[in-house]
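Visitor: Based on these hints, arrange chain B on the given structure of chain A.
One-letter residues, chain by chain:
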Amino acid sequence: LASAGSGSAAMSSGGTLSILRSDSYAELSQYRDQHFRGTRYDQERLLRKSCTLYVGNLSFYTTEEQIHELFGKSGDIKKVIMGLDKVKKTACGFCFVEYYARGDAENAMRYINGTRLDDRIIRTDWDAGFKEGRQYGRGRSGGQVRDEYRQDYDAGRGGYGKTVQCQ
Amino acid sequence: MSRRRHSDDSDAGQPHKRRRTSEPSEIEERLESLICRVGEKSNSSLESNLEGLAGVLEADLPNYKSKILRILCTVARLLPEKLTVYTTLVGLLNARNYNFGGEFVEAMIRQLKECLKVNMYNEAVHLVRFLSDLVNCHVIAAPSMVAMFENFVSVTQEEDVPQVRCDWYMFAFLSSLPWVGKELYEKKDAEMDRLLSQTESYLKRRQKIHVPMLQVWTADKPHPQEEYLDCLWSQIQKLKKDRWQERHILRPYLAFDSVLCEALQHNLPPFTPPPHTEDSVYPMPRVIFRMFDYTDDPEGPVMPGSHSVERFVIEENLHCIIKSHWKERKTCAAQLLSYPGNNKIPLNYHIVEVIFAELFQLPSPPHIEVMYTTLLIELCKLQPGSLPQVLAQATEMLYMRLDTMNTTCVDRFINWFSHHLSNFQFRWSWEDWSDCLTQDLEKPKPKFVREVLEKCMRLSYHQRIIDIVPASFSVLSPANPVCIYKYGDESNRSLPGYTVALCLTIAIKNKASNDEIFSILKDVPNPNQDDDDGEGFTFNPLKIEVFVQTLLHLAAKSFSHSFSALAKFHEVFKTLAESDEGKLHVLRVVYEVWKNHPQMIAVLVDKMIRTQIVDCAAVANWIFSSELAHDFTRFYIWEILHSTIRKMNKHVLKIHKELEETKARLARQHKRRDSDDDDDDDDRSTDREDGPLEEQIERLQEKVESAQSEQKNLFLVIFQSFIMLLTEHLVRCETGGIDVFTPWYKSCIERLQQIFLQHHQIIQQYMVTLENLLFTAELDHHILAVFQQFCALQA
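Going down the list, the protein sequences come from chains A and B.
Under UniProt numbering, read the first sequence as residues 1 to 167, first letter to last.
Under UniProt numbering, read the second sequence as residues 1 to 795, first letter to last.
The hints are simulated quantities; they were obtained by calculation from the structure and are not laboratory data.
Take the hints with a grain of salt, since some may be wrong.
Just so you have them, the derived chain A footprint on chain B, three or more residues with Cβ under 8 Å [claimed, not checked]:
1) 75–82
2) 144–156
3) 554–562
Not everything, but these chain A residues come out facing chain B in the computed CB check (under 8 Å) [as the list claims (entries may be wrong)]:
4) Leu17
5) Ser24
6) Glu69
7) Met109
8) Arg110
9) Thr115
10) Arg116
11) Gln151
12) Thr163
13) Val164
14) Cys166
Since this is a predicted model, take the numbers as computed values, not measurements.
Glycine included, every Cβ here is placed at the ideal spot set by N, Cα and C.
Looking at chain A on its own, in the form it has when it is part of the complex:
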């Protein structure tokens, strides 16, 4: 169905302008998962068509329901997978959000990334796709690596970092 009004479609006589194509929030970040099985090229190919986002800096107390409510604002969610401490099997501050449509994930990157959930600025990034095992923290104590070495006190993430706690 033709829709009236503005078309951002490129026209044969004009096309578009690169300043208007700028979409920095939806671009790939520098991060590449070191545990990814495959080449760098494979990983980037998957990242560019992924509908899955990694979400970080969550509070340990943030629930799937809260994540669903917030991320549902950019589109229909297919699945939320909570990140778990490998030992305790409790939430350890990250999750994956998978959308049905890539466009919805892009909007989450544009408008939900860098805003607050449970009073914390959360961070989203493209993920190559959930695989069994990736829901677990990779830190030595079972949580995320960043909580191993963290020096500051963060009430929402178990207090001091694990290394500090052991001192």
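Guide: Then chain B, alone, in the frame of chain A:
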């Protein structure tokens, strides 16, 4: 390579040597970058940057003329907020190179025709405005511009064309006048007077049935919500009265007057508006959103009045900035805040008003709702000392006017406000809103606060909400979202099915299979013994009750637990919900279990549709059922219904797409075969190749038809249900002699409007059926009016 003149302007250029080895595409990128960046913050003045850029481009014309033409046409179309910067640039180029000016005008006309052909009307307006401002730059002769406008206005004389077509041509004419009215009137006052009088008579005779459907508020106080052409006409009339003096628009060409008036002008070729066709889709009419006036910022600069042309220009430009930078929230915020005239206009107020205008726009906002929330947060970050106060003031005003705000807009207000608060620790002066506590809970203000608190809870947790509101607000606080299991308490052991529930609980905890569940359920008696339908599939509400209650209770811990449960016992669900009554009953039980947790109900319904445990029509019937009457006006019900309709629509589109793709594959196959035709005349093998694809196409065709039939049926169910409910209410009021306009009625009739507006493209397909079957002349005029208003939107 051309020998380029060096320029002192740092933007200008690359040394001669490097250019020789550059790729053409690099050069095009550089040219595009130079052109796009002119007008941005710079150490040099805009005039000297324009002068420098004109020099660079003039030198490049021999080799890059077509690229430069393309870029300039594109900025004219896509950067309307910098209109006068680029018309000045074109003016300077025309003064240096008359032929180029002529070619540019021709290219613009070609682009305009193309835009109109493919229904890109918003961009076409920008092109028309650009052409008209070229009159100010001595590129186009005023009389030829007037002639084009004469052709535009004469579209209003066409017969048997949609009003929205005439509207567009009228809008294109009127909305160019702030830029060029003065010049055109000076050169051709008699012709302009005639055009304006024709305009006036058109505006008087055009119908405005659509207006109530598009207004954010139904009240005229404090600011009338005017139809967009009416408002623009008032603005132009005032401009004319002010002798076309317009002081807001930045006009860089004024500084170059001495150069430009030496230039030779071109005449626009006669422009015949392309005829109306079946495929023409014109923009929908709009209502101008106004929430502020000069009284709202007594300290700062005066806000231009609602009928001043300055107001029009400011709003147009701010909307254009959002349209250009919606993907880049930081850039967008920065661009909005650096709109020129900051100390002469209360810019923060304009920005907030324009953003809410988009957020509340009917039928839908131009961009995804969440963008506006995040944009406002970015703006607050950039102007922490002033913008949050304006936003708080706006929120207060919106709250005060809730009684007459359209229900759809209230939905968006609820979503925006709750999400915004969640970014600011839910800090708000709730006590200021204590007036709502003394009102009937169904009234708009207390209803709004309840829904906001519920949404705030979804983004946090129940106790947090109890903590952030004063104790007096507890009556509006959301319920603790716990599950209600009817077989939970020992005291319920007399309920039928109690023992089976216990059995099921143990079995499920012990990882029972679907078959084991079936055998446990076999013993559940059927309260509707006689309702055995011939197929042998009995609808047994008690079986459904016991199974669904127990399973949902066991899986209550989280969404994921519930989804796993639905997946694991999918077979049982499918069997129990085989019939339509079965589907309805499953939904009823879900509601009974989770009525304290609307969010859970919504995600379960979504999952059940996607896994085909229930279908869309069942959800619609459930929403309009008497069991849900108590929650009928709650926001979450309508979120569920619209989400259901969207799933249905996406499903139809998906199958359609599959069909088109398969047809394309077949066509490609034929094409390949045709090109090998000379070698192969074995008909049998070609048939064999076609076979599987043709079969697939046939199957998909059937699937498309069945999906469209399901979609049509869904809308029929919804509209029929609305008609029944509303008619009941109207009859009751009439016989009882009470006022029709209860809060429930306002909510319900606006929800009906919302269905039309949110899904207007799809519903257009079924207009004939709706008109003949449902929205007939016998219908109560209150209900029929909604249908007529909807028809008027594309009339």
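Visitor: Should the hint that Gln151/A touches chain B count as held when the rule is a Cβ pair under 8 Å?
Guide: This interface hint is violated because 25 Å lies over the 8 Å limit.
Visitor: Just to be careful: measuring from the Cβ of Thr163/A to every Cβ in chain B, is the smallest value less than 8 Å?
Guide: Hint violated; Thr163/A Cβ to chain B Cβ min 31 Å, cut 8 Å.
Visitor: For the hint on Thr115/A, just tell me whether its beta-carbon gets within less than 8 Å of chain B.
Guide: holds, 6 Å
Visitor: Could you check if Cys166/A really has its C-beta closer than 8 Å to a C-beta on chain B?
Guide: violated, 31 Å
Visitor: Mind checking the CB of Arg110/A against every CB in chain B and telling me if the closest is under 8 Å?
Guide: Nearest chain B Cβ about 6 Å off; hint holds.
Visitor: Using the nearest Cβ pair, does Leu17/A come within less than 8 Å of chain B?
Guide: Constraint on Leu17/A satisfied, holds at 6 Å.
Visitor: Would the hint on Met109/A stand, with a C-beta cut-off of 8 Å toward chain B?
Guide: Since chain B brings no Cβ nearer than about 10 Å to Met109/A, farther than 8 Å, the hint is violated.
Visitor: Against chain A, does the segment 554–562 of chain B show at least 3 residues with beta-carbon separation below 8 Å?
Guide: holds (count 3)
Visitor: Cut-off 8 Å, C-beta pairs, minimum 3 residues; does the coverage of the segment 144–156 of chain B by chain A stand?
Guide: violated (count 0)
Visitor: Could you check if Val164/A really has its C-beta closer than 8 Å to a C-beta on chain B?
Guide: violated, 27 Å
Visitor: Is the coverage entry for the segment 75–82 of chain B by chain A consistent with the three-residue Cβ rule at 8 Å?
Guide: As far as the segment 75–82 of chain B goes, the hint holds, because 4 residues have Cβ atoms under 8 Å from chain A.
Visitor: Should the hint that Glu69/A touches chain B count as held when the rule is a Cβ pair under 8 Å?
Guide: holds, 4 Å
The earlier numbered hints that this structure contradicts are 2, 7, 11, 12, 13, 14.
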